[in-house]
Amino acid sequence: MKIMPCPLNGPRNISEFVYGGEVTPLPSVESAPDKAWAEHTFYAYNGTGVAREWWYHTPSGYWFVAERHRVSDEILRTYDPSELPSDESTPDGETC
Amino acid sequence: MSELYQTDISAHVEWADAELARSGCYRRSAGARRVETAAGASVIAQVDNGDVQRAAKAGVLELSMLPRTGYRGTTTTDLLAANKLPIPARPNTAASSANGECVLRLSQKEYWLLASPADLGAAVMALPTTGAETPDHCYPLFCMDSHAWLMLTGEHLSNIMSKLSGVDMRESVFPVGSIAQTSIARINAIMVRQQINGLPVMSILCDTASSDYLWTALMDAVQEFEGGAVGLDVLR
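For the record, the sequence lines run as chains D and S. Quick note: the first sequence, position 37, residue 57 per the working numbering, numbers continuous. Quick note: the second sequence, position 193, residue 286 per the working numbering, numbers continuous.
Pulled out of the complex, with its shape left as it was, chain D reads as follows (with noise of 0.2 Å):
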């Protein structure tokens, strides 16, 4: 069983993680075109490198982040969302 270091929680078994998808920065509510917004809803990077990804754990409805090898699929790193850069987390700025 693969195992997920969680910052709330401690290490806990994969199966209690879902998915999130990519960490990106939201487009601007009042501003953005909407080639920008569907870049932003239908796009992802299909490269190799480091992800920086959303992941949440289901038995204690908690979101963090965390960043993952896409080629090793190692997981380097996990942390609340709230030490994210301010235009990158949540909208409206909440963490757990």
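Treat the hints with care, as some may be off.
[What the hints assert, rightly or not] Partial list, computed: chain D residues near chain S (C-beta under 7 Å):
#1 Asn29
#2 Arg32
#3 Asn33
To be clear, the hints were calculated from the coordinates, so they are not data collected in a lab. Just so you know, these numbers come straight off a predicted model, no measurement behind them. C-beta atoms are modelled at their ideal positions from N, C-alpha and C, and glycine is treated no differently.
Dock chain S against the given chain D, drawing on the hints supplied.
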């Protein structure tokens, strides 16, 4: 075949007709003596004369009708302090009040309160239940509706949990006041280690819809330790 797996349990339990609220696994306890909680529903008070012996080894309690509540938000600590309730120092820890309530800190800003068996939840029922009654930025949570409350008791707690969960819950690494939010018997649950009435216990809060399944899984797990169902009286 064990009585756990009988399929001829009656769908009709007489006492349940009188109660609007009842736990998800009320049919499992048709013959037990019951006691009314402050929420106006009942929990098992005593199964039979062997309760104390079973509880010391490996007891299983169904406490879903015992009041509990929760709050979330930056000012929740103000509400707890105003009600003379302890504030656990960090997430995934719990602390007990002088009256016996257990305060669970589930994240930076989320707290749940489990009733004291001594007052059958009267103190918890007196706490605010609507946003209008709580401080700004403190929001009530309805964990009594969303989650069932089961409990394991006795000296074999750690051995039983090792059969059900991948998280190490031996007392040396998971002392009284520790919380684990993880999966147990393949469903999500919150586990809290407590000490009540001198008895080592583990409160287990799981999704209400899964409580009947988890009850069966726990009863199955305690068989090898000569355990079984017990009533609330062992905690008082």
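These are the hints, each one checked on the structure:
no.: 1; hint: Asn29; in the structure: holds, 5 Å
no.: 2; hint: Arg32; in the structure: holds, 6 Å
no.: 3; hint: Asn33; in the structure: holds, 6 Å
Figure legend: structure checked against the earlier numbered hints; every hint is met.
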